[in-house]
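First to last, the sequence lines map onto chains U and Z. Quick note: the first sequence uses the UniProt record's numbering, first residue 1, plus one each step. Quick note: the second sequence uses the UniProt record's numbering, first residue 1, plus one each step.
Derived from the structure by calculation, the hints contain no laboratory data. Since we're looking at a predicted model, the values are computed, not measured. We put the beta carbon where it would ideally sit given N, CA and C, even for glycine. Be a bit skeptical, because a hint or two may be false.
[Said to hold, decoys possible] Residues from chain U that face chain Z, not an exhaustive set, calculated with beta carbons under 7 Å: (1) M146; (2) P149; (3) S207; (4) V209; (5) L215; (6) F229; (7) L230; (8) A247; (9) H249; (10) I256; (11) W257; (12) T271.
[As the list claims (entries may be wrong)] Stretch by stretch, here's where chain U covers chain Z in the computed footprint (C-beta under 8 Å, at least three residues): (13) 274-282; (14) 290-297; (15) 311-317.
[To be verified] Interface residues of chain Z toward chain U, partial, derived using beta-carbon atoms under 7 Å: (16) I16; (17) P17; (18) I21; (19) Y138; (20) I140; (21) G144; (22) L145; (23) P148; (24) W149; (25) L154; (26) L156; (27) V160; (28) L162; (29) G163; (30) L189.
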Amino acid sequence: MVQVKYSPSKFIVSKLKSICPRKGTEYFALIGFIIILSIILMAIFAPFIAPYNPIKKVGGILEEPNGRFILGTDGLGRDIFSRIIFGARTAISVTFLAVIISLSFGVLLGLLSGYIGGKFDSIFSLVMDAIYSFPGLILAIVLAAMLGPGILNTAIAIAVIYTPTYFRMVRGLVLSLKESLFVEAARAIGAKDRTIVFKYIFPNVISSVPIVLSLNAADAVLTLAALSFLGLGLPAPTPDWGFDLKAGHAYLASKIWWPSTFPGLMIVILTLGFSLLGEGINEILTPELRR
Amino acid sequence: MASLKVYIVRRVLLAIPMIFILLSIVFLIMRVAGDPVSAILGGHAPQEQIEQIKQQLGLNKPIIFQFFGYIGQLLRGNLGRSLIWGQRPVVNEIWDHFPATLELSISSFLISIIIGIFTGTVAATHRNRFLDHTFRLYGIITYGLFIPWIGIMLQLLFGVYLGLLPIGGRIGTLMEPKSITGLYVLDSLLTLNFDSLVSAIKHLILPSVTLGVYLSGIYTRLTRTHLMETLEKDFIKAARARGLSERAVIYKHGLKNAFIPILTMMGLQFALLLVGAVLTEITFSWPGMGTLLFERITYRDFTTVQGIIVFFALIVVTVNLLVDIIYAYIDPRIRY
């Protein structure tokens with residue numbers, strides 16, 4: 001008889017193995033998740049990580065990366081490393097807000113439009129399609145310029161161009177779910193429209209949101225960066241990667257590379273985090289697409 | 001072909017409400033969210049100056065009249081006049097800047113297609129092997145690249161450190177070729193002006209590579225997915241069974257058939273190309289529509305901004321329409 005000995009270390013290893021990614025694409029999701037988590041932590045604990053005040057002159061102007069300022073200083077003598085750390089706050093909060101706003105409006109309008117149908121649906125679909133087909137950033141530029149700088153305003157400008165993405169997805173799903181058997185059954189037992197929409201259809205719709213959300217967040221980071229690169233983001237001294245990249249661009253011709261390289265790199269890393277996560281979730285949730 | 005004609009007419013008619021809606025959104029935003037007058041004059045302008053600007057913009061009329069007034073002018077092809085710098089007609093401003101954008105877009109588009117189809121084909125034929133994973137990652141990374149950053153890095157490397165290529169502008173000073181099409185490369189060729197040609201190409205390389213690489217990832221992914229799908233079809237097996245070389249199978253039979261969905265996607269990605277062009281132009285001081293839009297927004301030149309939006313909307317709608325028609329034309333299975 002084989003004696004089965006309980007071994008805690010083996011147990012832990014097997015548990016760890018079961019949550020470990022096995023395929024390349026699952027690694028994508030994990031890496032993306034780690035990137036996003038570390039940037040969120042960076043944003044939350046910014047005052048503890050950053051060695052200097054990000055909006056005060058703390059050193060010489062345009063000092064090269066050195067022992068005191070590991071990423072150098074910018075044109076106003078501010079520590080680039082500290083500005084990058086605090087810049088995470090701007091990036092995360094605006095992206096978060098923009099995604100929440102577009103998600104809530106997009107999902108709600110999509111549910112209603114798909115369920116109610118008729119004229120209401122045609123009008124909303126037409127408006128959403130018009131926004132969707134238009135080059136997003138250009139609309140966001142106009143919106144941001146009109147609304148003026150600020151976290152909420154910038155988030156709104158970004159949210160407007162991404163609302164149609166959720167709207168179209170949810171509406172499409174609702175149209176097919178509306179005809180399904182369980183909805184018909186609910187209607188047959190006399191459920192109210194409100195109950196059908198929010199208790200029966202909504203839970204089935206919401207499960208496809210994470211993929212779109214993650215890819216959408218990647219786009220939102222880029223759009224925010226573009227807006228602040230154009231000076232349409234947050235007001236001036238706020239640490240903001242896009243704005244710092246633009247400010248650093250001016251010194252390029254004199255071979256001063258550090259004020260533009262690092263903030264831009266952060267934008268790319270955060271976007272990459274979201275797209276890797278989205279890509280990974282997509283493949284995990286829809287295995288039929290796995291080729 | 002009669003059904004195709006009907007389809008085209010219907011698509012054109014459908015495009016009209018689209019443009020109308022976009023226009024109303026922009027119009028409303030400009031009138032409701034922004035205050036053009038104080039934006040132009042600053043907060044403390046004298047009353048008569050405010051009145052004058054309002055008169056000029058037609059802002060003293062009710063908004064609905066303003067809107068239909070604008071639409072009426074628009075239908076006659078009149079986009080109004082710029083609010084600054086000699087108040088040139090907006091149409092002229094647009095035509096001055098559009099060729100630059102067109103030139104940049106065409107070259108970036110070609111670059112992205114070449115890179116994308118090549119990498120996608122390699123990935124599809126090396127399924128689940130190292131090259132496949134590499135190019136899939138390439139597809140994800142390029143899509144997440146921030147255009148101004150990648151542009152700045154290229155400027156640093158090739159412009160500042162290696163000194164090989166100019167980091168901004170469209171052509172050397174006083175080297176513009178005689179304008180025929182407005183596309184400098186083409187114009188230099190047509191007028192056999194080789195100094196201009198070299199200068200124009202040199203200026204074009206960095207911006208179009210920046211934009212081209214950014215867009216190429218999408219085509220890598222598309223080509224990969226669709227080619228893989230196609231290569232599993234029976235006619236590919238048949239082609240192989242006939243003893244065709246692997247090359248002929250992949251390029252002649254596989255890629256050709258995988259091309260249709262890629263083509264549709266090109267139309268859908270056109271908006272992305274325009275967005276990318278705007279950012280690329282601003283990074284490289286490329287005097288196109290993006291630079292114009294950005295400059296006029298900074299100066300609060302509302303009529304020009306409005307005109308640019310209308311123009312962009314028209315282009316997007318036209319291109320999508322064209323792609324649909326080409327799509328229907330090359331694939332005889334599609335009937336509307």
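Do the hints match the structure? See the list:
Given the 7 Å rule on beta carbons, the hint for U/M146 holds: about 4 Å separates it from the nearest Cβ of chain Z. Given hint, U/P149 at the interface with chain Z, is violated; its Cβ is 13 Å from that chain's nearest Cβ, farther than 7 Å. For U/S207, the suggested interface contact is broken, since its CB lies about 23 Å from the closest CB of chain Z, more than 7 Å. With 7 Å as the threshold, the beta carbon of U/V209 stays out of range of chain Z, its nearest partner Cβ sitting at about 20 Å, so the hint is violated.
Taken as an interface hint, U/L215 does not check out: its beta carbon lies about 9 Å from the nearest beta carbon of chain Z, beyond 7 Å. A cut of 7 Å between beta carbons decides the hint on U/F229: the least distance to chain Z is about 5 Å, and the hint holds. At a threshold of 7 Å, the smallest CB-CB gap from U/L230 to chain Z is about 6 Å, leaving the interface hint in force. This hint is violated: U/A247 has a C-beta 12 Å from the nearest C-beta of chain Z, more than the 7 Å allowed.
For the restraint placing U/H249 at the interface with chain Z, the shortest Cβ-Cβ distance is roughly 6 Å, inside the 7 Å limit, so the hint holds. This hint is violated: U/I256 has a C-beta 9 Å from the nearest C-beta of chain Z, more than the 7 Å allowed. Of the supplied interface hints, the one on U/W257 holds, with its beta-carbon coming within about 5 Å of a beta-carbon of chain Z, less than 7 Å. The beta carbon of U/T271 is positioned within 7 Å of a beta carbon in chain Z (closest approach about 4 Å), and the interface hint is therefore held.
Proximity of the region 274-282 of chain Z to chain U, defined as three or more residues with a beta carbon under 8 Å from a beta carbon of that chain, is established by the 5 residues found. Coverage of a stretch by a chain is defined here by at least three residues with a beta carbon nearer than 8 Å to that chain's beta carbons; for the region 290-297 of chain Z and chain U the count is 3, and the condition holds. Requiring three or more residues with a Cβ within less than 8 Å of a Cβ of chain U, the coverage given for the region 311-317 of chain Z holds, as 4 such residues are present. With a least beta-carbon distance of about 11 Å to chain U, the hint placing Z/I16 at the interface is violated under the 7 Å criterion.
Annotation: interface hint on Z/P17 holds; nearest CB of chain U at approximately 6 Å, less than 7 Å. Interface restraint check: Z/I21 against chain U, minimum CB-CB distance 4 Å, threshold 7 Å, status holds. With its C-beta approaching chain U no nearer than about 12 Å, Z/Y138 sits outside the 7 Å limit, and its interface hint is violated. Checking Z/I140 against chain U: minimum C-beta separation of about 5 Å stays under 7 Å; hint holds.
Hint on Z/G144 holds. Least Cβ distance to chain U is approximately 4 Å, under the 7 Å limit. Because the beta carbon of Z/L145 sits about 6 Å from the nearest beta carbon in chain U, less than 7 Å, this interface hint is met. Because the smallest distance between the Cβ of Z/P148 and any Cβ of chain U comes to about 5 Å, under 7 Å, the interface hint for this residue holds. This hint holds: Z/W149 has a C-beta 3 Å from the nearest C-beta of chain U, less than the 7 Å allowed.
Among the interface hints, the one on Z/L154 is violated; its C-beta lies about 11 Å from the nearest C-beta in chain U, farther than the 7 Å criterion. Interface hint at Z/L156: satisfied, since its Cβ lies 5 Å from the closest Cβ of chain U, which is below the 7 Å cut-off. Given hint, Z/V160 at the interface with chain U, holds; its Cβ is 6 Å from that chain's nearest Cβ, closer than 7 Å. Annotation: interface hint on Z/L162 violated; nearest CB of chain U at approximately 12 Å, more than 7 Å.
For Z/G163, the interface hint is violated, the least distance from its beta-carbon to any beta-carbon of chain U being 11 Å, above 7 Å. Proximity of Z/L189 to chain U is violated relative to the hint, the smallest CB-CB distance being about 30 Å (cut-off 7 Å).
The structure fails hints 2, 3, 4, 5, 8, 10, 16, 19, 25, 28, 29, 30 (numbered hints given earlier, in ascending order).
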